[in-house]
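Protein chains: 4
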Amino acid sequence: MAKTLKIGSVGLGRLGYEHAKNIANYVTGAELTAICDTDAARVAQVAEELNVPYTYTDVAEMVKNPELDAIVVVSPSMFHAEHIKLALDAGKHCFCDKPLDTTVEKCKLAEKAVEAHPDKVFMLGFMRRFDDSYAEAKRRIDAGDIGKVVLVRSYTQDPRTTIEGTLKFAPHSGGQYLDMCVHDLDLIRWFTGAEVKRVWAIGGVFEFDLYRELNDADNCCATVQLDNGAMGFMFTNRTHGAGCNVETEIIGTHGTLRIANVGAKNLLQIVDGSGAREEYYPDFLSRWHQAYINEIQEFVSCINEGRKPGVTVYDGTKVSQAAYRCKESFETGEMLVNE
Amino acid sequence: MAKTLKIGSVGLGRLGYEHAKNIANYVTGAELTAICDTDAARVAQVAEELNVPYTYTDVAEMVKNPELDAIVVVSPSMFHAEHIKLALDAGKHCFCDKPLDTTVEKCKLAEKAVEAHPDKVFMLGFMRRFDDSYAEAKRRIDAGDIGKVVLVRSYTQDPRTTIEGTLKFAPHSGGQYLDMCVHDLDLIRWFTGAEVKRVWAIGGVFEFDLYRELNDADNCCATVQLDNGAMGFMFTNRTHGAGCNVETEIIGTHGTLRIANVGAKNLLQIVDGSGAREEYYPDFLSRWHQAYINEIQEFVSCINEGRKPGVTVYDGTKVSQAAYRCKESFETGEMLVNE
Amino acid sequence: MAKTLKIGSVGLGRLGYEHAKNIANYVTGAELTAICDTDAARVAQVAEELNVPYTYTDVAEMVKNPELDAIVVVSPSMFHAEHIKLALDAGKHCFCDKPLDTTVEKCKLAEKAVEAHPDKVFMLGFMRRFDDSYAEAKRRIDAGDIGKVVLVRSYTQDPRTTIEGTLKFAPHSGGQYLDMCVHDLDLIRWFTGAEVKRVWAIGGVFEFDLYRELNDADNCCATVQLDNGAMGFMFTNRTHGAGCNVETEIIGTHGTLRIANVGAKNLLQIVDGSGAREEYYPDFLSRWHQAYINEIQEFVSCINEGRKPGVTVYDGTKVSQAAYRCKESFETGEMLVNE
Amino acid sequence: MAKTLKIGSVGLGRLGYEHAKNIANYVTGAELTAICDTDAARVAQVAEELNVPYTYTDVAEMVKNPELDAIVVVSPSMFHAEHIKLALDAGKHCFCDKPLDTTVEKCKLAEKAVEAHPDKVFMLGFMRRFDDSYAEAKRRIDAGDIGKVVLVRSYTQDPRTTIEGTLKFAPHSGGQYLDMCVHDLDLIRWFTGAEVKRVWAIGGVFEFDLYRELNDADNCCATVQLDNGAMGFMFTNRTHGAGCNVETEIIGTHGTLRIANVGAKNLLQIVDGSGAREEYYPDFLSRWHQAYINEIQEFVSCINEGRKPGVTVYDGTKVSQAAYRCKESFETGEMLVNE
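Order-wise, the sequence lines are chains A, B, C and D. If you count by the numbering used here, then the first sequence holds residues 4 to 342, one letter each, in order. If you count by the numbering used here, then the second sequence holds residues 4 to 342, one letter each, in order. If you count by the numbering used here, then the third sequence holds residues 4 to 342, one letter each, in order. If you count by the numbering used here, then the fourth sequence holds residues 4 to 342, one letter each, in order.
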């Protein structure tokens with residue numbers, strides 16, 4: 004067996020904690036050697052739970068630890084570029100959760116840091132690409148099973164049951180296009196193999212007035228035309244009547260692939276007075292549990308096997324540019340060209 | 004266009020009225036010329052509604068009407084053989100709803116009546132055979148699509164929402180095996196092309212004590228072995244948690260066909276707090292609406308085109324024999340040979 | 004029973020013949036008394052088959068027949084307004100298949116003809132509204148089951164298996180937006196209860212060069228914003244990998260309704276080497292068979308019961324206007340306001 | 004974090020290797036400290052791959068290793084009771100894959116060994132109980148969601164694509180009832196909370212003559228009546244037209260739960276010329292991958308948390324007794340009482 008990679012993980016929020024647990028328990032060829040968060044008490048608690056030898060409250064300190072081979076960045080989005088640079092400059096491989104950062108300018112800084120360390124593995128975490136169903140769809144498209152890709156439709160719907168937490172987070176989320184649609188934009192680029200050329204984004208406040216104050220929407224969509232002529236349609240909302248729904252459909256000239264969330268929670272069908280039904284995943288962490296494991300596993304395997312990941316730093320910048328263009332289109336009401 | 008067949012229909016109960024409406028409105032090449040029921044007021048009411056010129060309260064009188072070409076029998080089951088004989092002896096073609104009659108002895112009388120009039124069309128109403136899905140399954144089996152038929156599993160489940168009417172009807176129904184399983188037995192014979200050789204039937208009273216008084220069950224099943232080695236499994240209950248559920252599965256050596264009721268009511272999928280769901284048909288009349296039309300249409304077309312129907316009087320006897328054997332097995336607890 | 008309405012039907016093309024058969028065989032309270040087509044041989048053939056007493060090759064002649072109560076117009080689209088006016092001016096009720104006509108100007112002429120005869124029933128044939136699944140979706144929306152309507156997504160996909168005939172018809176079809184999207188536009192207006200305000204339509208030629216010559220697309224979509232803030236997305240193509248697919252999804256603030264074509268052909272599920280699968284309807288006539296009957300039935304019932312249909316002449320004009328706006332957006336590449 | 008349990012695993016066949024990998028990589032709170040197999044070369048290879056410090060070719064030697072806390076038995080079924088006794092007598096906790104052993108007599112020996120060491124954790128591996136869907140079904144039944152359990156129907160179907168290996172294994176498998184139905188029997192007992200009272204088992208050779216020579220069947224079923232009046236139906240075959248299909252349905256007096264394999268491989272729906280379809284898992288190892296992890300995880304957690312597992316040694320004996328009774332019924336053609 005290959006040597007065990009020693010990983011330091013930054014950020015212990017909801018998703019950061021998930022990543023920490025996954026590295027400690029489910030990723031093979033790696034171990035969780037250090038954790039870092041500004042909340043010292045949380046750091047101590049998680050270190051105890053997961054048996055982590057080194058703990059930090061400052062990323063700049065952690066990256067100096069000579070035992071560490073790689074850094075996993077799950078800090079707040081606005082620090083991503085900074086932490087990426089710290090990690091790479093310290094000679095560590097680096098995995099960063101999406102988005103690359105919160106502005107296109109800072110994305111460019113991350114690009115520079117990556118380019119300055121071509122011998123290091125850098126990977127961006129678009130975890131949907133590592134879900135079994137999405138991965139199989141990509142393989143079938145690449146194999147030509149559905150002909151030319153014509154339209155990618157992708158929905159990201161959060162359950163209304165979690166609306167309270169969502170509303171609290173809303174002012175810091177960057178808005179629907181930057182927080183939610185980035186996943187769909189990445190999928191559209193990935194499945195079409197093309198870049199977003201023109202966008203028209205519309206939406207509105209159908210229920211929660213807070214979004215109006217934020218110049219945002221609780222339900223919105225964006226239509227995009229790609230530079231190879233293919234089309235994309237995204238819809239996102241915070242008020243899905245059932246659980247977490249992420250569905251993506253790829254229509255080709257010879258066939259269609261659909262990945263929906265229906266019945267996804269497990270294989271159970273329930274027949275009762277409401278008919279025959281399947282329940283949804285209650286939230287995104289349960290939906291993408293295995294994909295989050297798979298993506299870190301891929302990062303670790305890339306390092307251990309000397310490969311480069313399929314998701315690059317440039318994917319992060321391209322997606323952010325397109326998301327900002329959608330946001331601008333939504334705000335101005337105009338169809339815009341993305342250059 | 005062929006000449007229009009003149010039909011007299013016997014019985015204006017729930018299903019008899021459905022047949023009368025179908026003949027009057029949806030069956031081509033035929034018209035409803037006479038109706039008969041012991042309830043004179045009901046006869047008058049339906050005649051007015053459907054514009055029927057001749058009305059009767061006595062079947063023996065109706066069959067003397069020289070204008071009539073054919074008789075449709077939807078009277079209570081215990082009169083079927085008698086009415087079939089009356090119709091055929093009067094020189095009319097005859098369609099009879101299932102079952103052929105309530106005892107094997109009376110089924111044999113019906114057989115004799117049919118044999119005495121080989122020039123007349125006689126057809127027994129196993130309407131499931133005339134449902135599009137069942138008809139297509141049969142075509143695929145005959146085409147060899149699933150190899151040899153190994154197992155036919157068939158469920159007949161009534162919704163608990165209609166339990167009140169069901170309990171009232173229970174003492175006169177003949178019991179689950181004769182009232183419900185006859186449909187499944189006909190399908191098992193039809194899809195396997197074989198006869199029932201051995202049966203073991205079990206069941207019990209899980210909720211409604213009335214069935215115990217009747218020496219019957221509210222939930223019961225029967226396993227059968229056919230004379231070509233194929234197998235059949237039936238389940239029937241009166242307490243289905245959702246609507247009307249009739250589902251049939253045919254497992255072959257090379258493939259499987261399934262006809263289920265799920266989502267059958269129409270194509271609507273509803274996503275709400277209960278998940279993603281499809282509703283069931285509320286009752287058997289809505290489930291089989293088109294099949295009831297199709298079967299009378301086939302009867303009319305057989306007469307108009309000089310063909311013989313695929314469902315014979317012998318199918319009625321064979322099914323009744325097997326159903327009685329199941330009932331006996333249920334009552335004695337023994338596995339029985341059907342001879 | 005109400006008096007039987009006498010109908011004269013114009014046009015015996017593929018759909019016209021379907022309507023003629025439906026009136027003759029399945030619509031209650033009406034009979035097919037006259038047919039008209041420029042092809043005299045076809046008229047004679049259908050009259051023989053369906054037992055139709057009066058035959059014509061000129062609509063102006065047919066509408067003079069004093070026995071007729073109503074005219075059903077299924078002539079080529081460019082004659083619709085003219086035939087509507089002929090029928091109404093002759094004192095007949097009138098049903099017209101979609102679209103109302105081929106230009107907004109001619110739609111306005113039809114409006115005037117209808118307004119001149121307020122005592123006559125006029126109904127436009129958007130048959131999807133009369134499909135059981137669509138009708139139930141509308142009832143649930145009106146009952147508030149899914150909250151406010153946020154997005155209506157509607158696809159109209161023709162199977163590639165019928166591409167040969169489609170290509171022949173393409174030069175006379177009016178293009179995807181006028182021929183296909185009019186159905187989706189009607190549904191979007193119906194389900195949202197609002198009018199199309201802004202449109203952006205994109206598409207391309209992914210496979211069949213003929214569409215490039217016609218300044219049309221073989222795969223295209225349109226995004227619309229309605230005047231109440233709701234959104235609509237349409238996609239249409241001529242190259243669906245499986246059979247006829249029409250699917251519509253209505254996302255509300257509290258729930259979602261989906262009407263898809265999958266498994267629609269019937270209830271049969273086939274398990275074989277390809278997995279577990281349901282087949283599609285092979286073509287639009289089989290998909291909408293019952294809806295075509297239902298719409299004429301509604302027209303007849305409106306007349307016989309003194310009611311006015313829910314689909315008005317103005318629906319026809321509004322849909323055509325929006326479709327032309329989509330076409331213009333597709334041709335110019337611009338997002339356009341629909342006024 | 005709790006101390007890490009040290010596990011020695013016996014047997015490196017297809018499933019034994021799967022268990023070894025799971026313990027080494029995915030089970031938390033435990034590590035794979037020793038492996039044992041009669042094939043020394045295989046032991047060396049797996050030890051290298053999974054970094055296992057101790058290796059053995061003799062179970063009796065391995066259980067002497069004082070570092071080991073627990074033994075996982077995945078040796079050939081005929082050695083299960085012997086290895087269980089060796090492990091427990093050596094003071095180790097013990098997990099044993101199903102079946103408990105190959106005869107009821109040897110099952111009783113295992114029972115005695117377990118009873119002699121009440122302080123040790125013993126767990127039998129019926130992994131289906133640890134699949135998320137099955138576990139949720141059990142929770143819902145226990146919560147009374149579907150009322151009283153009336154019928155459990157359970158299928159175990161192997162894909163015909165793997166028939167070659169299946170035929171090689173057939174002479175040593177114990178036959179369909181002991182090799183396949185034991186899973187279904189365990190589920191029927193688990194979901195009904197009752198014991199098998201009467202059985203009738205039928206089947207036949209529909210395709211592969213080898214099974215006739217073995218006095219076995221390639222397609223067979225068994226109907227059982229439980230001592231509380233509930234019913235069970237099992238079907239098993241080696242010739243499933245698609246992939247691995249395990250489906251279980253629990254019909255209660257107020258609702259039904261279904262766990263099917265359709266669309267289980269992942270969430271991908273494929274639309275092409277064959278219709279809209281979902282693929283099956285290709286084999287049982289991919290179907291139950293996570294369940295195999297979960298069951299060992301439960302075993303480890305029981306030890307670390309001082310709990311006793313829900314699957315006992317007596318479950319193993321009861322299932323074997325019922326399976327033998329089914330086999331005897333199949334061979335004699337009689338309905339039999341299970342005492």
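Don't read these hints as lab results, they were simulated from the structure. Everything numeric in this text was worked out from a predicted model, so none of it was measured. We put the beta carbon where it would ideally sit given N, CA and C, even for glycine. Accuracy of the hints is not assured; some may be wrong.
In silico DMTMM-like links for lysine to aspartate or glutamate, alpha-carbon gap of 25 Å or less [said to hold, decoys possible]:
no.: 1; chain 1: B; residue 1: Lys9; chain 2: C; residue 2: Glu139
no.: 2; chain 1: C; residue 1: Lys151; chain 2: A; residue 2: Glu52
no.: 3; chain 1: B; residue 1: Lys151; chain 2: D; residue 2: Glu70
no.: 4; chain 1: A; residue 1: Lys67; chain 2: A; residue 2: Asp92
no.: 5; chain 1: B; residue 1: Lys321; chain 2: B; residue 2: Glu114
no.: 6; chain 1: C; residue 1: Lys151; chain 2: A; residue 2: Glu308
no.: 7; chain 1: A; residue 1: Lys200; chain 2: C; residue 2: Glu51
no.: 8; chain 1: D; residue 1: Lys24; chain 2: A; residue 2: Glu308
no.: 9; chain 1: A; residue 1: Lys141; chain 2: C; residue 2: Glu250
no.: 10; chain 1: D; residue 1: Lys9; chain 2: A; residue 2: Glu139
no.: 11; chain 1: A; residue 1: Lys24; chain 2: D; residue 2: Glu34
no.: 12; chain 1: C; residue 1: Lys200; chain 2: A; residue 2: Glu334
no.: 13; chain 1: B; residue 1: Lys88; chain 2: B; residue 2: Glu52
no.: 14; chain 1: C; residue 1: Lys321; chain 2: A; residue 2: Glu337
no.: 15; chain 1: B; residue 1: Lys321; chain 2: D; residue 2: Glu216
no.: 16; chain 1: B; residue 1: Lys200; chain 2: D; residue 2: Glu334
no.: 17; chain 1: B; residue 1: Lys151; chain 2: D; residue 2: Glu216
no.: 18; chain 1: A; residue 1: Lys9; chain 2: D; residue 2: Glu337
no.: 19; chain 1: A; residue 1: Lys151; chain 2: C; residue 2: Glu85
no.: 20; chain 1: C; residue 1: Lys9; chain 2: B; residue 2: Glu114
Some residues of chain A that are not near chain C, with every Cβ distance over 10 Å (derived) [to be verified]:
no.: 21; residue: Ala63
no.: 22; residue: Asp72
no.: 23; residue: Lys115
no.: 24; residue: Asp135
no.: 25; residue: Phe172
no.: 26; residue: Glu210
no.: 27; residue: Gln228
no.: 28; residue: Gly258
no.: 29; residue: Ser289
no.: 30; residue: Cys305
no.: 31; residue: Glu337
Partner residues aside, some chain C positions facing chain D, computed with beta carbon under 7 Å [to be verified]:
no.: 32; residue: Val107
no.: 33; residue: Glu281
no.: 34; residue: Tyr284
Going down the list of hints, with the structure as the test:
1. Restraint check for Lys9/B and Glu139/C: the C-alpha separation of about 37 Å exceeds 25 Å, so the hint is violated.
2. Under the criterion of a C-alpha separation no larger than 25 Å, the hint pairing Lys151/C with Glu52/A is inconsistent with the structure, at around 46 Å.
3. Of the pairs offered as hints, the one joining Lys151/B and Glu70/D is violated, with about 56 Å between alpha carbons and a cut-off of 25 Å exceeded.
4. With a C-alpha separation of about 10 Å, the suggested pair Lys67/A and Asp92/A falls inside the 25 Å cut-off, and the hint holds.
5. Between the alpha carbons of Lys321/B and Glu114/B the distance comes to roughly 11 Å, so the proposed pair stays at or under 25 Å and holds.
6. In summary, the hint linking Lys151/C to Glu308/A is not supported, as the alpha carbons are separated by about 53 Å, beyond the 25 Å threshold.
7. A hinted pair counts as satisfied when its Cα atoms are at most 25 Å apart, and Lys200/A with Glu51/C does not qualify at roughly 59 Å.
8. With a C-alpha separation of about 20 Å, the suggested pairing of Lys24/D with Glu308/A holds against the 25 Å cut-off.
9. With a C-alpha separation of about 24 Å, the suggested pair Lys141/A and Glu250/C falls inside the 25 Å cut-off, and the hint holds.
10. As the CA atoms of Lys9/D and Glu139/A are separated by approximately 37 Å, the hinted pair breaks the 25 Å bound.
11. For the hint pairing Lys24/A with Glu34/D, the CA-to-CA distance comes to about 17 Å; that is within 25 Å, so the pair holds.
12. Among the hinted pairs, Lys200/C with Glu334/A is consistent with the structure: their alpha-carbon atoms are about 17 Å apart, no more than 25 Å.
13. The straight-line distance between the Cα atoms of Lys88/B and Glu52/B is roughly 29 Å, outside the 25 Å bound, and the hint therefore fails.
14. Straight-line distance between C-alpha atoms of Lys321/C and Glu337/A comes to about 24 Å, which keeps the hinted pair within the 25 Å bound.
15. With a C-alpha separation of about 34 Å, the suggested pair Lys321/B and Glu216/D falls outside the 25 Å cut-off, and the hint is violated.
16. Taken as a hint, the Lys200/B and Glu334/D pair is honoured in the structure, with Cα atoms around 17 Å apart against an allowance of 25 Å.
17. For the hint linking Lys151/B to Glu216/D, the alpha-carbon distance of about 20 Å falls within 25 Å, and the restraint holds.
18. Our distance criterion of 25 Å between C-alpha atoms is broken by Lys9/A and Glu337/D, whose separation comes to about 64 Å.
19. Between the alpha carbons of Lys151/A and Glu85/C the distance comes to roughly 43 Å, so the proposed pair goes past 25 Å and is violated.
20. The straight-line distance between the Cα atoms of Lys9/C and Glu114/B is roughly 45 Å, outside the 25 Å bound, and the hint therefore fails.
21. Once the 10 Å rule is applied to beta carbons, Ala63/A is consistent with being away from chain C; the minimum gap is 46 Å.
22. Against chain C, the non-interface label of Asp72/A holds: every CB pair exceeds 10 Å, the least being about 42 Å.
23. Every CB of chain C is more than 10 Å from the CB of Lys115/A (nearest about 35 Å), matching its label as outside the interface.
24. Every CB of chain C is more than 10 Å from the CB of Asp135/A (nearest about 15 Å), matching its label as outside the interface.
25. The Cβ of Phe172/A lies farther than 10 Å from every Cβ of chain C, with a closest approach of about 20 Å, so its non-interface assignment holds.
26. Look at Glu210/A: its CB is around 5 Å from the nearest CB on chain C, not clear of 10 Å, so calling it non-interface is violated.
27. Residue placement check: Gln228/A does not keep its beta carbon more than 10 Å from all beta carbons of chain C (closest about 5 Å).
28. Separation of Gly258/A from chain C is inadequate, the least Cβ-Cβ distance of about 4 Å not exceeding the 10 Å criterion.
29. With a cut of 10 Å on Cβ distances, Ser289/A stays outside the contact zone with chain C, its closest approach being about 20 Å.
30. Taking the minimum C-beta to C-beta distance to chain C, about 33 Å, the non-interface status of Cys305/A holds against the 10 Å cut.
31. Here Glu337/A does not stay apart from chain C, with its beta-carbon only about 7 Å from theirs, under the 10 Å limit.
32. Checking Val107/C against chain D: minimum C-beta separation of about 36 Å lies over 7 Å; hint violated.
33. Proximity of Glu281/C to chain D holds as hinted, the smallest CB-CB distance being about 5 Å (cut-off 7 Å).
34. For the restraint placing Tyr284/C at the interface with chain D, the shortest Cβ-Cβ distance is roughly 11 Å, beyond the 7 Å limit, so the hint is violated.
Hints 1, 2, 3, 6, 7, 10, 13, 15, 18, 19, 20, 26, 27, 28, 31, 32, 34 from the earlier list are contradicted by this structure; the remaining hints agree with it.
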